[in-house]
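Protein chains: 2
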Amino acid sequence: MSKLINSINEAIKQSGLKSGMTISFHHHLRNGDFVMNAVVDEIAKLGIKDITINASSFFDAHAPIIEHIKNGVVSGLECSYMSGRIGVAVSSGILDKPVIFRSHGGRPADIISGKSHIDVAFVAAPTADKMGNCSGKYGPSACGALGYAFADAMHADHVVVITDNLVPYPLSDFSINETYIDAVVKVDKIGDPAGIVSGTTKITRDPVGLVMADYAAQTIKHSGLLKDGFSFQTGAGGASLAAANYLKDIMLAEKIKGSYGMGGITKYMVDMLVAGCFHTLIDVQCFDLDAVNSLRTNPGHREVTASHYASPIAKSAAVDNLDVVILGATEIDLDFNVNVHTDSSGVIMGGSGGHNDTAAGSKIAMIIAPLVRARLPLISDKVLCVTTPGKTVDILVTQRGIAVNPNRPELLANLKGTGLPIMDMRDLQKLALGITGTPKPITRGKKVVAEVIYRDGTKIDEIMQVI
Amino acid sequence: MSKLINSINEAIKQSGLKSGMTISFHHHLRNGDFVMNAVVDEIAKLGIKDITINASSFFDAHAPIIEHIKNGVVSGLECSYMSGRIGVAVSSGILDKPVIFRSHGGRPADIISGKSHIDVAFVAAPTADKMGNCSGKYGPSACGALGYAFADAMHADHVVVITDNLVPYPLSDFSINETYIDAVVKVDKIGDPAGIVSGTTKITRDPVGLVMADYAAQTIKHSGLLKDGFSFQTGAGGASLAAANYLKDIMLAEKIKGSYGMGGITKYMVDMLVAGCFHTLIDVQCFDLDAVNSLRTNPGHREVTASHYASPIAKSAAVDNLDVVILGATEIDLDFNVNVHTDSSGVIMGGSGGHNDTAAGSKIAMIIAPLVRARLPLISDKVLCVTTPGKTVDILVTQRGIAVNPNRPELLANLKGTGLPIMDMRDLQKLALGITGTPKPITRGKKVVAEVIYRDGTKIDEIMQVI
Numbered sequence: 492m493s494k495l496i497n498s499i500n501e502a503i504k505q506s507g508l509k510s511g512m513t514i515s516f517h518h519h520l521r522n523g524d525f526v527m528n529a530v531v532d533e534i535a536k537l538g539i540k541d542i543t544i545n546a547s548s549f550f551d552a553h554a555p556i557i558e559h560i561k562n563g564v565v566s567g568l569e570c571s572y573m574s575g576r577i578g579v580a581v582s583s584g585i586l587d588k589p590v591i592f593r594s595h596g597g598r599p600a601d602i603i604s605g606k607s608h609i610d611v612a613f614v615a616a617p618t619a620d621k622m623g624n625c626s627g628k629y630g631p632s633a634c635g636a637l638g639y640a641f642a643d644a645m646h647a648d649h650v651v652v653i654t655d656n657l658v659p660y661p662l663s664d665f666s667i668n669e670t671y672i673d674a675v676v677k678v679d680k681i682g683d684p685a686g687i688v689s690g691t692t693k694i695t696r697d698p699v700g701l702v703m704a705d706y707a708a709q710t711i712k713h714s715g716l717l718k719d720g721f722s723f724q725t726g727a728g729g730a731s732l733a734a735a736n737y738l739k740d741i742m743l744a745e746k747i748k749g750s751y752g753m754g755g756i757t758k759y760m761v762d763m764l765v766a767g768c769f770h771t772l773i774d775v776q777c778f779d780l781d782a783v784n785s786l787r788t789n790p791g792h793r794e795v796t797a798s799h800y801a802s803p804i805a806k807s808a809a810v811d812n813l814d815v816v817i818l819g820a821t822e823i824d825l826d827f828n829v830n831v832h833t834d835s836s837g838v839i840m841g842g843s844g845g846h847n848d849t850a851a852g853s854k855i856a857m858i859i860a861p862l863v864r865a866r867l868p869l870i871s872d873k874v875l876c877v878t879t880p881g882k883t884v885d886i887l888v889t890q891r892g893i894a895v896n897p898n899r900p901e902l903l904a905n906l907k908g909t910g911l912p913i914m915d916m917r918d919l920q921k922l923a924l925g926i927t928g929t930p931k932p933i934t935r936g937k938k939v940v941a942e943v944i945y946r947d948g949t950k951i952d953e954i955m956q957v958i
Numbered sequence: 492m493s494k495l496i497n498s499i500n501e502a503i504k505q506s507g508l509k510s511g512m513t514i515s516f517h518h519h520l521r522n523g524d525f526v527m528n529a530v531v532d533e534i535a536k537l538g539i540k541d542i543t544i545n546a547s548s549f550f551d552a553h554a555p556i557i558e559h560i561k562n563g564v565v566s567g568l569e570c571s572y573m574s575g576r577i578g579v580a581v582s583s584g585i586l587d588k589p590v591i592f593r594s595h596g597g598r599p600a601d602i603i604s605g606k607s608h609i610d611v612a613f614v615a616a617p618t619a620d621k622m623g624n625c626s627g628k629y630g631p632s633a634c635g636a637l638g639y640a641f642a643d644a645m646h647a648d649h650v651v652v653i654t655d656n657l658v659p660y661p662l663s664d665f666s667i668n669e670t671y672i673d674a675v676v677k678v679d680k681i682g683d684p685a686g687i688v689s690g691t692t693k694i695t696r697d698p699v700g701l702v703m704a705d706y707a708a709q710t711i712k713h714s715g716l717l718k719d720g721f722s723f724q725t726g727a728g729g730a731s732l733a734a735a736n737y738l739k740d741i742m743l744a745e746k747i748k749g750s751y752g753m754g755g756i757t758k759y760m761v762d763m764l765v766a767g768c769f770h771t772l773i774d775v776q777c778f779d780l781d782a783v784n785s786l787r788t789n790p791g792h793r794e795v796t797a798s799h800y801a802s803p804i805a806k807s808a809a810v811d812n813l814d815v816v817i818l819g820a821t822e823i824d825l826d827f828n829v830n831v832h833t834d835s836s837g838v839i840m841g842g843s844g845g846h847n848d849t850a851a852g853s854k855i856a857m858i859i860a861p862l863v864r865a866r867l868p869l870i871s872d873k874v875l876c877v878t879t880p881g882k883t884v885d886i887l888v889t890q891r892g893i894a895v896n897p898n899r900p901e902l903l904a905n906l907k908g909t910g911l912p913i914m915d916m917r918d919l920q921k922l923a924l925g926i927t928g929t930p931k932p933i934t935r936g937k938k939v940v941a942e943v944i945y946r947d948g949t950k951i952d953e954i955m956q957v958i
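Chains as they are written, first to last, in this note's numbering: chain A, 492 to 958; chain B, 492 to 958.
Just so you know, not all the hints are guaranteed correct.
No copy labels: a pair is met if it fits in one copy or bridges any two.
[Claimed, not checked] Dumping the calculated DSSO-like pairs for lysine-lysine here, alpha-carbon to alpha-carbon at most 30 Å: (1) Lys937 x Lys588; (2) Lys806 x Lys746; (3) Lys677 x Lys504; (4) Lys677 x Lys806; (5) Lys606 x Lys806; (6) Lys748 x Lys950; (7) Lys588 x Lys938; (8) Lys746 x Lys509; (9) Lys718 x Lys693; (10) Lys561 x Lys921; (11) Lys758 x Lys712; (12) Lys806 x Lys680; (13) Lys509 x Lys873; (14) Lys806 x Lys504.
Source of the hints: derived by calculation from the structure; they are not laboratory data. Remember, it's a predicted structure, so these values are computed and weren't measured experimentally.
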């Protein structure tokens with residue numbers, strides 16, 4: 492018995508995909524992914540139109556989808572993150588209906604609850620067997636965890652595994668199991684390893700970044716949370732990684748045994764696991780090869796589903812026990828609302844990912860960002876797009892000062908007398924505006940190009956066309 | 492954040508359990524399980540009545556449930572296997588409504604499809620954390636795999652984890668994850684290790700058993716299936732284990748690299764994995780401590796859910812690729828129908844477990860059993876209860892002769908000229924009757940005490956009251 496199908500084309504035909512349906516993809520192959528473009532090319536050849544793509548993320552590698560939007564093959568996009576040329580095209584108004592943005596926890600929640608129905612899911616699998624047991628840990632296109640693909644595989648009507656590394660049945664160390672899989676296609680390459688493993692996971696050497704990182708680590712040290720059992724997530728930005736590295740030194744010096752590190756996982760979090768700062772890494776996505784190797788070999792480093800990571804409708808998720816998360820921002824406003832969806836001119840270049848999930852779940856959600864970028868101030872009166880509501884954001888760390896959300900007086904009290912440059916948010920904004928001057932207001936079109944759905948299912952904001 | 496509840500009593504109250512509802516248990520603690528009795532005792536104290544218990548199996552340790560049937564607390568039983576005093580009591584007609592028997596694959600299929608609704612599932616967990624991530628691999632009551640508990644945990648309205656080994660959050664090597672769990676209760680002991688690890692997993696030294704085992708191994712050798720990629724399941728009976736041991740010798744001598752061994756796993760299957768006879772063990776339940784240790788330490792030894800093992804409604808299950816399964820029988824009839832539900836007098840002492848799942852999925856389903864037991868013949872004109880339909884049973888191996896199902900002429904052809912004592916089923920029956928004489932017909936009552944649901948959801952037989 493075997494589910495092997497000769498080609499993506501035949502697998503699409505067998506799936507019963509019809510015009511108007513929704514297909515899905517996960518983004519663990521990141522900017523190295525070949526699978527989405529290959530599938531949509533075949534859908535176009537079959538004359539199928541009006542397809543909605545629900546992908547956990549879109550990267551610049553998916554720019555060919557723009558042509559398929561123009562020719563009517565693709566009419567809708569849903570995701571948790573969108574960058575590169577596709578974000579620019581969407582911002583220009585290329586789609587008739589708005590993109591639906593969800594968080595990394597909200598996406599699987601809506602798939603599991605049935606709010607967001609997927610007709611055919613395509614799972615890019617670095618290793619698979621003939622029945623569809625599959626894993627991201629092995630093979631020439633190894634990406635590590637497949638956390639975002641579980642909800643799609645478990646709840647889509649039809650599921651196609653696409654692999655470039657077919658192994659004898661049964662694959663022992665499967666992540667997603669055969670009970671959910673309808674078909675398996677072997678192709679030459681599912682991705683480009685250079686693009687799968689991001690180049691962003693390097694510690695910053697920029698002095699401004701290092702100052703922010705030091706402030707961030709010191710803030711955590713004095714937060715009242717850095718003790719045995721401490722749990723932590725950080726992103727893959729250079730300053731965030733530097734902060735993690737400083738934090739590691741503090742934890743080792745003070746002999747603090749944390750419980751878990753979480754997130755998209757990088758070498759720096761792996762180093763913290765190996766050094767004993769945490770007993771567990773909870774991994775929904777690997778950012779670099781060290782993370783992939785660790786997931787494969789270290790029993791304390793565990794793959795989790797996106798639901799386990801961050802679902803707001805699960806009976807609990809790992810974010811619910813998180814102490815501190817370090818997050819980025821393109822903009823933050825006086826009410827601590829954060830934008831990571833658009834750049835300062837309103838063009839889509841990101842999305843929540845786990846941003847608003849971890850901010851909501853953690854005891855301290857810390858934003859670190861430089862006070863000024865490209866002659867534009869970080870702090871605005873009102874962000875162009877609310878990704879993460881200010882009531883869930885606890886503190887902003889910049890190289891010039893640190894602002895604590897007024898709704899966290901106990902955190903402010905803990906930081907008093909530490910020598911850290913605590914400032915009022917308005918004073919920090921004035922400092923920024925003193926450098927940049929008051930930026931010109933953005934003119935935006937009247938068309939809504941994206942709807943931002945908060946993790947609880949409510950629409951938290953809309954993104955307007957950039958003209 | 493924590494889901495810890497002080498006592499089973501409080502957890503039941505919190506669950507909203509009401510009279511008339513269905514609760515569930517898994518049986519990995521086997522005859523050492525303390526949890527089912529403890530929970531039902533507390534339900535009784537709370538004055539809740541008319542409860543249906545859906546347990547993957549009932550053992551003699553669950554005899555206290557008989558009193559709860561008499562006092563009206565428990566009014567229905569559903570399971571895949573029932574032995575000991577509870578089977579005797581049910582056979583005597585103690586329940587007003589029939590027991591529902593399903594297979595190990597049919598049970599999760601009905602839970603997942605919603606046919607069999609569970610209001611509150613109780614998961615006996617040898618190790619758990621405060622959020623309900625849990626595992627059977629660790630702790631003083633370690634039982635290994637928790638395969639049968641997944642469907643209950645994933646689909647019950649409310650799920651309570653009961654553990655005697657609470658570890659810091661997060662448990663890294665979880666089997667069932669926190670997203671499905673509502674409450675966690677820490678108790679002193681969830682079971683008796685001596686009863687958890689069965690005493691049955693020893694190779695037979697009985698000469699009759701060894702002859703059957705040799706015939707079984709030789710039959711597999713000549714079946715046409717024993718080649719690279721071979722897959723195999725055997726039960727935990729002494730002769731089956733001896734057959735596995737003989738088969739191991741043959742595979743090593745002939746340098747055959749199988750693909751997977753499966754089932755309830757014993758030391759003998761672990762030995763075959765370690766010796767290189769298989770690259771993977773697929774494990775839904777551990778029968779002995781060697782299996783538990785192997786599951787914990789050998790990456791080729793993998794826990795699977797009962798659905799992955801054998802579900803008839805999954806997109807595929809591991810049984811679908813099985814080459815050979817060795818199974819037992821209390822009775823087999825001229826049409827190769829097999830009974831493992833009752834003894835020869837019609838008293839319930841077993842159930843399908845994975846019997847009819849593996850028989851349906853495998854290329855060769857082999858029954859091995861002695862021709863005569865307790866002066867009663869193995870082969871009857873018609874079995875008292877059909878557990879596994881004869882059309883899925885391929886061959887019967889006894890110490891006196893081997894009968895091939897007439898619907899498998901190619902298997903018969905492969906075995907011709909091998910020196911194995913191939914006989915017609917009717918001749919084997921005559922041989923048995925020559926030893927035992929014609930047994931007295933059984934008198935049974937008119938009350939249906941159990942319904943046997945085949946893996947496809949149809950009622951395949953009924954079991955009558957024994958009077």
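Status of the hints after comparison with the structure:
1. Taking identical chains as interchangeable, the C-alpha atoms of lysine 937 and lysine 588 lie at most 30 Å apart only when both belong to the same chain, with a minimum of 13 Å there against 66 Å between chains.
2. In the homo-oligomer, the alpha carbons of lysine 806 and lysine 746 never lie at most 30 Å apart, since the shortest distance is 33 Å inside one protomer and 49 Å across protomers.
3. In this assembly of identical chains, the alpha carbons of lysine 677 and lysine 504 lie at most 30 Å apart only when taken from the same copy (16 Å versus 52 Å across copies).
4. With identical chains, the CA atoms of lysine 677 and lysine 806 are at most 30 Å apart between copies only, with a shortest distance of 19 Å across copies and 37 Å within one.
5. Proximity of lysine 606 to lysine 806 under the C-alpha cut-off of 30 Å is found in both arrangements, the shortest distances being 18 Å within a copy and 23 Å between copies.
6. In this assembly of identical chains, lysine 748 and lysine 950 lie within 30 Å of each other by CA distance neither inside one copy nor across copies; the values are 39 Å within and 56 Å between.
7. Taking the closest pair of Cα atoms, lysine 588 and lysine 938 come within 30 Å of each other only inside a single copy of the chain (9 Å); across copies the shortest separation is 64 Å, beyond that limit.
8. Within a single copy, lysine 746 and lysine 509 get their C-alpha atoms no closer than 59 Å, and across copies no closer than 49 Å, so neither meets the 30 Å cut-off.
9. Within a single copy, lysine 718 and lysine 693 get their C-alpha atoms as close as 27 Å, which meets the 30 Å cut-off; across copies the closest is 50 Å, which misses it.
10. For a Cα distance limit of 30 Å, the shortest separation of lysine 561 from lysine 921 qualifies neither inside one copy, at 44 Å, nor across copies, at 78 Å.
11. In the homo-oligomer, the alpha carbons of lysine 758 and lysine 712 lie at most 30 Å apart inside one protomer (22 Å), although the nearest pairing across protomers, at 50 Å, exceeds that limit.
12. Proximity of lysine 806 and lysine 680 under a CA criterion of 30 Å is satisfied inter-copy only: 26 Å between copies versus 38 Å inside one chain copy.
13. Taking identical chains as interchangeable, the C-alpha atoms of lysine 509 and lysine 873 are never at most 30 Å apart, the minima being 43 Å within one chain and 51 Å between chains.
14. Taking the closest pair of Cα atoms, lysine 806 and lysine 504 come within 30 Å of each other only across two copies (18 Å); inside a single copy the shortest separation is 38 Å, beyond that limit.
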